[in-house]
Amino acid sequence: MRESPHSRNGAPRNSKASSVALPHPEEEWRGHLAEGRLMIQRSATTGAYVFYPRVLAPDTGLEDLQWVEAAGEGVIHAMTIVRRKPPEPDYNVVLVDLQEGVRLMSRVVDCPNEALAIGQKVKARIDDLEGQKILVFVPA
Amino acid sequence: MNGQGFPRGKAAIIGAATYGIGRCPGISALDMAAHAGILALLDAGLRLRDVDALYTSAPYEALGGMELAEYYRIQPKITDCNRTGGSAFEIYLQQAALALDAGLIDCALIVYGSNPASRPPAGVGMTKQSPWEAPYRPLAPASSYALAASRHMHQYGTTRRQLAEVAVAARKWAQLNPEAAMREDLTIDQVLAARMLSDPLTVRDCCLFNDGAAAVVVTRADRARDGAKPPVYVLGAASVVTHREISSMPDLTVTGAAISGRQAFAQAGVTPGEIDLAMLYDAFTITPILFLEDLGFCPKGEGGRFVEDGAIAPGGKLAVNTNGGGLSCVHPGMYGLFLLVEATRQLRGEAGARQLNSPQLGIAHGNGGVLSSQATVILGTAATC
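Taken in sequence, the protein lines are chains V and B. Counting from 1, one number per residue, gives the positions in the first sequence under this note's numbering. Counting from 1001, one number per residue, gives the positions in the second sequence under this note's numbering.
The shape of chain V in the complex, shown without the other chains (with noise of 0.2 Å):
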């Protein structure tokens, strides 16, 4: 697992703003996955996953976060479909719960849109879109 400058097990490590700038961890994140791995962050101290990725942890507000892979194991929570003018395709925007318990924005793909489903398992994949690194789903 790869510590991050974020997640000293806990303990904060000054009581005052770093000097040195240290990668936000949205920019951490898009590392992550940019090297193939879906990172998610979690809580040193209660064990609770977190998603999108803080400085500080939600609900206590310790800095306490560490980042751990996600097994990419999901299942559609919401949908919808956006309906474009033809030929432009329509596409999905789902929301998406992993198996770690946060909720995600994302999209499934390698399925046609009407064949989604609420309630249905995905499994997380790493594609690219425009020379950028983007989470995206496949059923299961």
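Please keep in mind that the hints were generated in silico from the structure rather than gathered at the bench. Take the hints with a grain of salt, since some may be wrong.
As the list claims (entries may be wrong) - Below are the SDA-like pairs computed for lysine to any residue, each with C-alpha atoms no more than 25 Å apart in a straight line:
(1) B:K1128 to V:Y52
(2) B:K1128 to V:H24
(3) B:K1317 to B:T1271
(4) B:K1317 to B:A1353
(5) B:K1300 to B:A1311
(6) B:K1128 to V:R83
(7) B:K1128 to V:F51
(8) B:K1010 to B:T1271
(9) V:K123 to B:S1130
(10) V:K133 to B:S1130
(11) B:K1128 to V:R54
(12) V:K123 to B:A1134
(13) B:K1128 to V:E27
(14) V:K85 to B:D1189
(15) B:K1128 to V:R30
(16) V:K85 to B:A1134
(17) V:K123 to B:E1245
(18) V:K121 to V:V136
(19) B:K1317 to B:N1357
(20) B:K1077 to B:R1225
(21) V:K121 to B:V1254
(22) B:K1128 to V:I134
(23) V:K85 to B:K1077
(24) V:K85 to B:Q1129
(25) V:K121 to V:P89
(26) V:K123 to B:S1248
(27) B:K1128 to V:V138
(28) B:K1077 to B:G1227
(29) V:K121 to B:R1083
(30) V:K121 to B:Y1156
(31) V:K133 to B:W1132
(32) B:K1128 to V:V136
(33) V:K85 to B:V1203
(34) B:K1300 to B:G1333
(35) B:K1300 to V:A117
(36) V:K85 to B:A1194
(37) V:K85 to B:Q1190
(38) V:K85 to B:A1193
Predicted model, so just to flag it, every value in this text is computed and none were measured.
Position chain B against the provided structure of chain V, taking the given hints into account.
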């Protein structure tokens, strides 16, 4: 805290106005807000120099409160330009009631104007898109509400036809309101057949994006009784924020209205069954369904069945959004103040062809963001104060 310290009935709306609903070309959003404010003061029999608190949410200017104070050349003791979206105005009424009761101020003007239809803001949005949502290109904000609707349909069997009932009821009320922008006949089948935007929401499930301005004047109840028109008393006011983006909403089928509503009803000492008029922010057809449930007009999950068979249309079992709502009357971006204006008109008996039979209690429920901020106000007449 249960909010029981709220000064029930000690503040009242004594002036209300709308301006420029539909299309309002040639002037700015600031000019529109200024117009609406002056009309509301005229309605109250007051003048600009009486105003010592100014509450406004300028559509394109972060420092809009100071901007409007300068425009009017007044020096308010309280100036606010809060950013809880369309719910800001119900929160302003709450804050004004508290400040009036504390003796900080004597007369609050709550005002808003926006003309996106006539003057499309050239990319001067004041919110950033979430980096966690932007890559998936949800339509902002329709797809967020569509996601909530999809979950409600999945969990409770709510149907597109029930959503369409909300749009049709709004249109039927709009047909009784000369000010409403959309007054042509609309049927459930037409809503169902309308262009799909973001499933399950068609363009007819979505609010308008037209021009409009509104204002209300608020003062202490003792002073209100000397006014030109019957005061509309603030019996309860409560609010809550639960999230910013839809992916962080704690439960897609339960809004913060369950929290703000419970508190506002407790402050007012009334129950949903006593309410004569429900002004429920209808940004999309799913929102009044959620609010009917969360405010206690029906059990959770029953909102779709509640609105069936014209139940919230003229002549139905509960009068909802009698001005035609955001769906058929006006929605210039932040609609919350229009809820208060319509409730005031109804409780005063000034609503013309759509006037309810002697309503004594109204609820105005504002919504901001993507179901993110919820604010409930309960209003009454001298009989219920």
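Evaluation of the provided hints:
1. B:K1128 to V:Y52: Measuring from Cα to Cα gives roughly 16 Å; hence the hint holds.
2. B:K1128 to V:H24: 18 Å, holds
3. B:K1317 to B:T1271: 16 Å, holds
4. B:K1317 to B:A1353: 18 Å, holds
5. B:K1300 to B:A1311: 17 Å, holds
6. B:K1128 to V:R83: Between K1128 of chain B and R83 of chain V the Cα gap is close to 23 Å, so the pair holds against 25 Å.
7. B:K1128 to V:F51: 19 Å, holds
8. B:K1010 to B:T1271: This hinted pair holds, its Cα atoms lying about 20 Å apart.
9. V:K123 to B:S1130: This hinted pair holds, its Cα atoms lying about 23 Å apart.
10. V:K133 to B:S1130: Measuring from Cα to Cα gives roughly 17 Å; hence the hint holds.
11. B:K1128 to V:R54: At roughly 17 Å apart (the allowed maximum being 25 Å), R54 of chain V and K1128 of chain B satisfy the hint.
12. V:K123 to B:A1134: 21 Å, holds
13. B:K1128 to V:E27: 17 Å, holds
14. V:K85 to B:D1189: 22 Å, holds
15. B:K1128 to V:R30: 19 Å, holds
16. V:K85 to B:A1134: Given that 25 Å is the threshold and the Cα spacing comes to 20 Å, the pair holds.
17. V:K123 to B:E1245: 23 Å, holds
18. V:K121 to V:V136: Answer holds: K121 of chain V to V136 of chain V is near 13 Å, not above 25 Å.
19. B:K1317 to B:N1357: Given that 25 Å is the threshold and the Cα spacing comes to 13 Å, the pair holds.
20. B:K1077 to B:R1225: Answer holds: K1077 of chain B to R1225 of chain B is near 24 Å, not above 25 Å.
21. V:K121 to B:V1254: It holds: about 24 Å lies between the C-alpha atoms, which stays within 25 Å.
22. B:K1128 to V:I134: 19 Å, holds
23. V:K85 to B:K1077: Violated, because 51 Å separates the two Cα atoms, which is more than 25 Å.
24. V:K85 to B:Q1129: Satisfied, since the Cα-Cα distance of roughly 23 Å is no more than 25 Å.
25. V:K121 to V:P89: Roughly 24 Å between the alpha carbons, so the hint for K121 of chain V and P89 of chain V holds.
26. V:K123 to B:S1248: 21 Å, holds
27. B:K1128 to V:V138: 29 Å, violated
28. B:K1077 to B:G1227: The given pair, whose Cα atoms are some 23 Å apart, holds under the 25 Å limit.
29. V:K121 to B:R1083: 38 Å, violated
30. V:K121 to B:Y1156: 21 Å, holds
31. V:K133 to B:W1132: Since the Cα atoms of K133 of chain V and W1132 of chain B sit roughly 13 Å apart, the hinted pair holds (cutoff 25 Å).
32. B:K1128 to V:V136: Answer holds: K1128 of chain B to V136 of chain V is near 22 Å, not above 25 Å.
33. V:K85 to B:V1203: The given pair, whose Cα atoms are some 14 Å apart, holds under the 25 Å limit.
34. B:K1300 to B:G1333: Status violated; Cα separation ~28 Å.
35. B:K1300 to V:A117: 23 Å, holds
36. V:K85 to B:A1194: 14 Å, holds
37. V:K85 to B:Q1190: Roughly 20 Å between the alpha carbons, so the hint for K85 of chain V and Q1190 of chain B holds.
38. V:K85 to B:A1193: It holds: about 16 Å lies between the C-alpha atoms, which stays within 25 Å.
In this structure, the hints that do not hold are numbers 23, 27, 29 and 34, in rising order.
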